[in-house]
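Residues per chain are reported as follows:
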Amino acid sequence: MFTFRETVNVALASIRANALRSGLTTLGIVIGTGAVITMVALGEGAQRAVEAQIERMGTNVLTVRPGQNWWRGVASGSVRLQESDAQALRNQMGGLYDIAPEIESRLQVSYLRWNSNNQIVGTWPSYFSIHERALTHGRLFSEGEAQGRQRVAVLGSDVPEVLGTPGALLVGRSIQIRGIRFEVVGVLAEKGSMGWSNPDEQIYIPLSTALYRVMGNRDRLRAIYVAAPSPEQLDPAWAEIDRIIRREHRIRPAEDADFQIQQASDFLETLGETAETFTMLLAGIAGVSLLVGGIGIMNIMLVSVTERTREIGVRKALGATRKAILLQFLVEALVLCVLGGILGVAAGLGSAELVTKLYGRDTAVAPEAVAVAMGFSAVIGLFFGIWPARRASVLDPIDALRYE
Amino acid sequence: MKTLNSGSAGNGTVIRTENLRKYYILGAETVRAVRGVDMTVERGEFVAIMGPSGSGKSTFMNLIGCLDTPTAGNYWLNGREVSELSDNQLARVRNRDIGFVFQTFNLLPRATALHNVELPLIYAGMRAKERRRRAEEKLVRVGLGDRMMHKPPELSGGQRQRVAIARALVNDPALLLADEPTGNLDSRTTGEIVEILSALNGAGQTILLVTHEADIASAAFRQVHLQDGLVERDFMNEGTPA
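Protein chains in written order, with this note's numbering: chain A, 1 to 404; chain B, 1 to 242.
Please keep in mind that the hints were generated in silico from the structure rather than gathered at the bench. One thing to keep in mind: the hints can contain errors.
[Unchecked claim] Residues of chain B clear of chain A, computed beta-carbon distances all greater than 10 Å:
id	residue
1	Gly27
2	Gly65
3	Asp68
4	Asn74
5	Glu84
6	Asp87
7	Asn95
8	His115
9	Pro120
10	Arg134
11	Arg167
12	Asn171
13	Leu185
14	Leu200
15	Phe221
[Stated by the list, open to error] If you want a taste of the chain A side facing chain B, the calculated C-beta under 8 Å gives, among others:
id	residue
16	Gly144
17	Gly148
18	Ile398
[As the list claims (entries may be wrong)] Pair by pair, the computed Cβ-Cβ distance ranges are:
id	chain 1	residue 1	chain 2	residue 2	range
19	B	Asp146	A	Val8	27 to 33 Å
20	A	Leu12	B	Glu84	24 to 30 Å
21	A	Val8	B	Asp172	26 to 32 Å
22	B	Asp146	A	Leu12	23 to 29 Å
23	B	Thr104	A	Gly350	45 to 51 Å
24	A	Asp399	B	Glu84	19 to 25 Å
25	B	Thr40	A	Gly23	37 to 43 Å
26	A	Val379	B	Thr71	36 to 42 Å
27	B	Thr71	A	Ala19	41 to 47 Å
28	A	Asn299	B	Glu84	39 to 45 Å
Here a beta-carbon is modelled for each residue, glycine too, at the ideal position from N, C-alpha and C.
Turn these sequences into a full structure, and let the hints guide you.
Right, dumping it as structure tokens:
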């Protein structure tokens with residue numbers, strides 16, 4: 001009888017004989033599969049990038065921020081987080097935790113003929129170790145300088161360029177912040193953007209200097225950072241901070257606090273969710289490409305039905321059984337789908353790699369995306385490869401031959 | 001010359017039909033293409049089926065070739081009742097017992113002449129080597145020994161029809177059916193094809209030929225004229241040694 005090997009040979013001969021049609025069908029599958037893999041890889045990459053960013057922020061750091069004081073649904077009064085709060089934390093939480101307050105304002109900065117508008121951050125020297133900031137030139141300002149309200153500044157890595165001078169040359173020079181002369185003592189290494197603010201564009205000065213010389217005695221901290229030596233000590237730190245600030249603000253334990261204590265992992269969660277939404281959006285777009293690719297496959301398979309119906313008529317007239325016809329078309333569709341699937345995965349991996357190389361975007365290929373993309377293309381390809389053939393194979397040979 | 005009574009039918013009858021009918025539903029109308037044909041064809045005969053277009057001769061031919069199923073009536077091929085056969089058995093009959101030559105050739109356009117001729121043997125399950133040998137032999141026999149690797153679009157009409165004849169013969173069928181085999185050919189190639197058919201019949205091949213051209217029909221020994229789906233006349237050509 002007509003053997004399986006012969007079926008494969010007939011199918012392969014038919015694929016070869018119709019190279020263009022076979023190529024187009026395969027292309028549809030390649031594009032569908034490749035698009036899904038690339039898109040999902042982009043989304044996954046974005047998610048990992050966000051996670052890495054959060055990691056950079058420091059997972060051992062608690063952030064205390066001023067909250068709102070709510071009374072019967074109305075926000076009342078001006079809630080402050082003050083230098084005294086930070087001092088209370090430092091005095092009472094001992095040497096185990098690093099503490100740094102942060103006050104921040106956007107101010108005019110000038111050096112010689114260069115002008116710029118930068119975020120000025122007033123803080124304590126411990127700020128740099130808490131945020132893992134390294135130096136490239138000069139030094140940090142000291143505890144003594146901080147307490148003595150000295151006019152010293154440490155620049156973020158992007159600041160020298162804005163001021164038109166290499167970092168190494170700026171150290172020891174005077175710049176003006178809001179018209180006040182500051183000595184540049186150091187330039188920091190690059191930190192990388194946090195998304196909402198860029199630490200590399202910031203200028204750091206002692207908190208006391210900021211409060212009493214630059215920002216006009218407005219004692220409103222943006223945040224106080226508390227770094228624990230290990231993640232296990234975050235929970236005790238949390239309780240401690242809550243207790244100390246409540247006492248400073250005279251809030252009873254049962255009352256709502258007028259401040260918030262945040263953890264990097266909270267951001268991680270929120271941003272992780274955002275990235276996930278992004279991934280899903282991309283997956284949606286990819287799904288549409290896959291669908292379009294699938295429709296392409298359907299189209300090419302259905303368009304060739306006329307010619308193929310006649311071919312089926314010829315084959316039947318020469319003695320092909322229905323089974324032989326179906327098997328031939330099954331093998332044909334299978335070969336094209338597997339070929340297209342493999343090429344599609346290769347194309348997906350390749351273009352993900354390309355995106356990483358060209359645009360510096362992180363990509364991560366998800367095995368699920370590969371499986372779904374290949375599976376979907378295969379199902380569509382097989383179905384639309386076989387269905388018209390099945391329809392034609394049940395006709396009388398003469399009807400198949402006459403099919404127009 | 002090969003033995004004529006090698007088939008299953010001891011009496012040497014290849015075709016016998018009884019009241020064979022084929023009706024089509026075309027829209028709201030029923031077309032009665034074949035309205036009850038009784039015919040018998042013996043082994044070794046060369047019969048021309050004639051008639052104007054619409055007389056039902058092609059439909060009758062398709063029924064005989066098992067390409068179409070009759071609406072009513074009986075048809076015995078080599079003594080076997082065809083209307084009782086299953087789909088798979090019919091495929092086997094088309095494969096082993098019948099060789100069909102079409103007016104429009106019906107070759108696979110993207111396959112070589114050799115592969116086209118090999119097709120029936122592939123479906124018969126013959127091994128590649130033997131298959132190739134036999135296909136080559138038939139192609140040589142129709143004079144296309146030097147065109148085996150050409151694809152149909154690279155061949156002339158007459159050459160294509162010769163490929164089709166080689167394909168029809170490759171399984172050594174009991175019956176060769178030709179439906180207007182020269183309908184798409186010029187007069188010179190028509191002559192060639194008719195010659196090939198005559199030579200085949202001379203070697204003992206039973207042939208049924210549909211045509212509307214009288215001079216082609218005259219190559220056959222017997223003519224059956226159809227009119228409105230019925231046999232109008234059935235006679236031996238002059239000089240036939242029957």
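Of the hints given before, which are not true for this structure?
Numbers 2, 3, 6, 7, 8, 9, 11, 12, 16, 17, 20, 25, in rising order.
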